[in-house]
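Spelled out, the chains give:
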Amino acid sequence: MMNAKTHETDGHGNHIIPLKTYLAVGAALILLTIITVAVSRINLGPLNLIVAMLIASTKAVLVALIFMHLLYDSKVYAGFFAGALVFLGVFIILTMYDTMRRGDIAPEEKMPIQARAQIYDEDGKPLNSGEHHGEAGKETDGETVGSEQGGDAGSGTSGGHEAEGSMEGGH
Amino acid sequence: MDMADLSARPHYVKHHFADAEQQRESAKFGMWIFLVTEVLLFGGLFVAYAIFRAWNPEIFHNAHTALDWRMGALNTIVLITSSLTVALAIRSLQLDRPKVAARLLWTTLFLAATFMVVKYFEYAHKFHLGQLPGKYYTYTGIEGTNPHVFFSIYFTMTGLHGIHVLIGMGVILWMIVRTKRGDFGKLYYTPVEVTGLYWHLVDLIWIYLFPLLYLVG
Amino acid sequence: MSDATATTQPPLSRLAVPKETDPKTGLPRPNFIQDGGKGLKSWLFTLDHKRIAILYLITVTASFFLGGIMALLIRLELFKPGEQFFNADQYNQLFTLHGAIMIFLFIIPSIPAILGNFVLPLQIGAKDVAFPKLNLASWYVYVLGAVFAVVSLLTSAADTGWTFYTPYSNTTGTNVVAMTLGAFILGFSSIFTGLNFIVTVHKLRAPGMTWFKMPLMVWALYATAIIQVLATPVLGITLILLILERVFSIGIFDPAMGGDPVLYQHFFWFYSHPAVYIMILPGMGIISDLISTFSRRKIFGYSFVAFSSMAIALVSFLVWGHHMFTSGQSEIAVMIFSFLTFMVGIPSAIKVFNWTMTLYKGSIVFSVPMLYALSFLFLFTIGGLTGIMIGALSVDVHLHDTYFIVAHFHYVMVGGTVMALMGGLYYWWPKIFGRMYNRLWSLVAWALIFVGFNMTFFTQFILGSRGMPRRYWTYLEQFQPLHGFSSVGAMIMGAGFGIAAIVLAVAVWKGRPAGSNPWGALTLEWTQATSPPITHNFEEDVVVEHGPYDYDKVIPRTTA
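Residue numbers (the working numbering), protein chains in the order written: chain A, 1 to 171; chain B, 1 to 217; chain C, 1 to 560.
Derived by calculation from the structure, the hints in this document are not laboratory data. Beta carbons are placed, not taken as given, at the ideal position from N, Cα and C, and that holds for glycine. Warning: the hint list may mix true and false statements.
As the list claims (entries may be wrong) - List of simulated lysine-lysine pairs, DSSO-like, C-alpha gap at most 27 Å:
(1) B:K135 - B:K28
(2) B:K119 - A:K20
(3) B:K14 - C:K203
(4) B:K99 - B:K180
(5) B:K186 - A:K20
(6) B:K14 - B:K99
(7) C:K41 - C:K24
(8) A:K75 - A:K20
(9) B:K186 - C:K38
(10) C:K41 - B:K14
(11) C:K361 - C:K298
(12) B:K186 - B:K28
(13) A:K75 - B:K28
(14) C:K510 - B:K28
(15) C:K361 - C:K38
(16) C:K41 - C:K361
(17) B:K186 - A:K75
(18) C:K80 - C:K203
(19) C:K38 - C:K24
(20) A:K20 - B:K28
(21) C:K510 - B:K180
(22) C:K133 - C:K203
(23) B:K14 - C:K133
(24) B:K28 - B:K99
(25) C:K38 - B:K14
(26) B:K119 - B:K14
(27) B:K28 - B:K14
(28) C:K24 - C:K510
(29) C:K133 - C:K24
(30) B:K14 - A:K75
(31) B:K186 - C:K80
(32) B:K119 - B:K99
(33) B:K186 - B:K14
(34) A:K75 - C:K510
(35) B:K14 - B:K135
(36) C:K24 - B:K28
Claimed, not checked - Interface residues of chain B toward chain A, partial, derived using beta-carbon atoms under 10 Å:
(37) T76
(38) S83
(39) L84
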């Protein structure tokens, strides 16, 4: 098999990847693109995202190892690149421990934000009086407001993930 | 031995490096670290994507139909091919064929331009329909609350990626100029090599952007 | 490592004898200052890491004094409750400017860009950093970022606090974009420096300079560079998103548009917590070198100290949520972050313990740098321990946004990093300029700084624990005595820094020639380079004969 891939080197004796390898990887990447499009048209529920990410990662590994030469280079480069991905993972996971788990322990009140906020007119009189007690910022789920103003902080960010239609889009 | 003896040293090796190999390895390592910074830069946007998609799964599903998966797929193939051509250009330089390398670099540039043209059409279509980020969103055809969230994410991610494509095009053009000038050959091609690494990263990011934005559900 | 033949031959014999000594200055010729090129252009277009270090020295010092003036104005205003010189809105701008200038323009660049740039190549036996042009570029980018910050100062400075929290940073009428653009640009400067240092340490070490023969200063700078490279881009994307939010209202941080203001805080602190380790780690590196040299002892537990630098760098990425305990995060997240915060204190504690053990049975020299190093040990310990206190979730709920927090971070940043910076400047000044400074006035400056600092900030621990909130323009009358005392301390500290700067500046022109190794230290910059060094650093090829702290071999010292 050695005569099919001659071990070519550049002017300093560094390894050159054979043309066939480059072309094969290119073809594989295009094939994987076609596959990922095809799979996306089948409804697999939550698996769609997982399969799409697996295929994308396979493509990424091919690009990194062959096109970017990581397979043949110092392991330090691959180590740094992998390390970056690890820290990105930390970022996503720990942030989502917050954003996905709000109200798990002390349940938040599922009310639209405009309704919960206490709004005052220019004379200091509450506009929607009797709605609930206290000034804006005293959330019933016991969270304190830091240096942000108003009732916008923190818990109002249930976004769309709780009650549907709880917020109007745009201004 | 006096390290300042320049006559023994090729002109392309800077004085503070011991030899050409140390310079090349340093340059590649430096570019890999720069790529690490790019991963974390785009990574922030992927974090935002993950969070907003988890909060608004139905919006993301409904809104992605506003994107044309065929144009996305075409762009993916265009970028993959451009990665191939830039890798082959470097290979040509390694084999001391700068003329072939220049042609391959031109091809890479052409493919990058194709990507941007397709992108232009996509963006123009959205502007036309009012499918814009944040407060500029005026389209009414997507169900659910806050559909503009998807488009804020879409435009930020593809916009930042597009800027990186444009920068890459500029650098590749400069590499073409230097190749035609005769700066590179089998003894020295490091700037093209590190340009290639940057370009591959641009491709890598798109490899993830495509399914996440165009192929949701 | 130990070499059987080197017991009696001091490394000084290998020192390159300077070709001549300038009769006017008493300094060796050639050296990088007098003979590296003449005129302003040769400095502004230099590729020499040593000259770039001096460029940074000038601009970073200017930033320090600018931020310092903001601090003094703050303390002037807070001397008594109510309006003294500034109204509430102007006060908000003052503390925003103080924070942003001190953090982005001063403390983050300070040690790596000044001392790191000068000393790192010398300590590993290299001729320069890996990418000298990138090094110069990073200085120009720094200047550009500083220009934006000053523009912001002159055109309705931001009043959001240096943290730019949404939603206020989105709605305020002040010029947030100029300041955040400045910070964004400064981030590039930091990234370029970090990138340069990582490649330099990996690739440009002299033959025989293994990883475990490197001075701990280099380990510290390397760990710092890793943080710079991983964390700063996230600041970049955060500020981009903030600017887009402000200019185009994309709605990512606005709850009325389906966004989340706490998300901004996650993004911001993912960078800004590791950033505080960018601030302290290089300082710790300096302390290792100072304590070793001025105890005439090798560092206790060298590899523990080296690995703890790496551990700090990596674990620092896991704890950012402790800045957000009261923000409205999920309870699960706050518990995880609180637990992880306790872990990150361990490597720092290991270092303090090892430094203290190095002092034990050492032959202590009370040089000016050593005084700063000892001050660091004391003040950083206080700062670090109070950090663990507020890392406890239950305690932080009460102390968050009070003066306790302000005192904590000033103890670690000023009592820690700035003390280390001062120690490092005094230590390497003779190497950089070939001149020794006036000891008496340096001691006066140190005393004013030490006393003034503690007066200012220890008081603030008390203020905070009694409930005084931070970033407040006025306060209840009961807090006035403590505030007044703190303000007086600030003036004293300011005077101390002013005198220190003058002493060092005077030394450049009027100090007596210091010689190549006045401290009798063992790292390469002292044993194999002149003071100031030649442009290419080393006259002969570098030979690494021993470890960086092998004082158990007898080395003669030329200065008391």
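We went through each hint and held it up to the structure:
| no. | hint | in the structure |
| --- | --- | --- |
| 1 | B:K135 - B:K28 | violated, 43 Å |
| 2 | B:K119 - A:K20 | violated, 31 Å |
| 3 | B:K14 - C:K203 | holds, 14 Å |
| 4 | B:K99 - B:K180 | holds, 7 Å |
| 5 | B:K186 - A:K20 | holds, 20 Å |
| 6 | B:K14 - B:K99 | holds, 26 Å |
| 7 | C:K41 - C:K24 | holds, 24 Å |
| 8 | A:K75 - A:K20 | holds, 24 Å |
| 9 | B:K186 - C:K38 | violated, 39 Å |
| 10 | C:K41 - B:K14 | holds, 21 Å |
| 11 | C:K361 - C:K298 | holds, 11 Å |
| 12 | B:K186 - B:K28 | holds, 16 Å |
| 13 | A:K75 - B:K28 | holds, 12 Å |
| 14 | C:K510 - B:K28 | violated, 45 Å |
| 15 | C:K361 - C:K38 | violated, 48 Å |
| 16 | C:K41 - C:K361 | violated, 50 Å |
| 17 | B:K186 - A:K75 | holds, 24 Å |
| 18 | C:K80 - C:K203 | violated, 56 Å |
| 19 | C:K38 - C:K24 | holds, 17 Å |
| 20 | A:K20 - B:K28 | holds, 24 Å |
| 21 | C:K510 - B:K180 | violated, 55 Å |
| 22 | C:K133 - C:K203 | holds, 17 Å |
| 23 | B:K14 - C:K133 | holds, 11 Å |
| 24 | B:K28 - B:K99 | holds, 24 Å |
| 25 | C:K38 - B:K14 | holds, 22 Å |
| 26 | B:K119 - B:K14 | violated, 41 Å |
| 27 | B:K28 - B:K14 | holds, 15 Å |
| 28 | C:K24 - C:K510 | holds, 11 Å |
| 29 | C:K133 - C:K24 | violated, 33 Å |
| 30 | B:K14 - A:K75 | holds, 25 Å |
| 31 | B:K186 - C:K80 | violated, 73 Å |
| 32 | B:K119 - B:K99 | violated, 31 Å |
| 33 | B:K186 - B:K14 | holds, 18 Å |
| 34 | A:K75 - C:K510 | violated, 51 Å |
| 35 | B:K14 - B:K135 | violated, 52 Å |
| 36 | C:K24 - B:K28 | violated, 46 Å |
| 37 | T76 | holds, 5 Å |
| 38 | S83 | holds, 5 Å |
| 39 | L84 | holds, 4 Å |
The structure fails to meet hints 1, 2, 9, 14, 15, 16, 18, 21, 26, 29, 31, 32, 34, 35, 36 from the earlier list, while all remaining hints are met.
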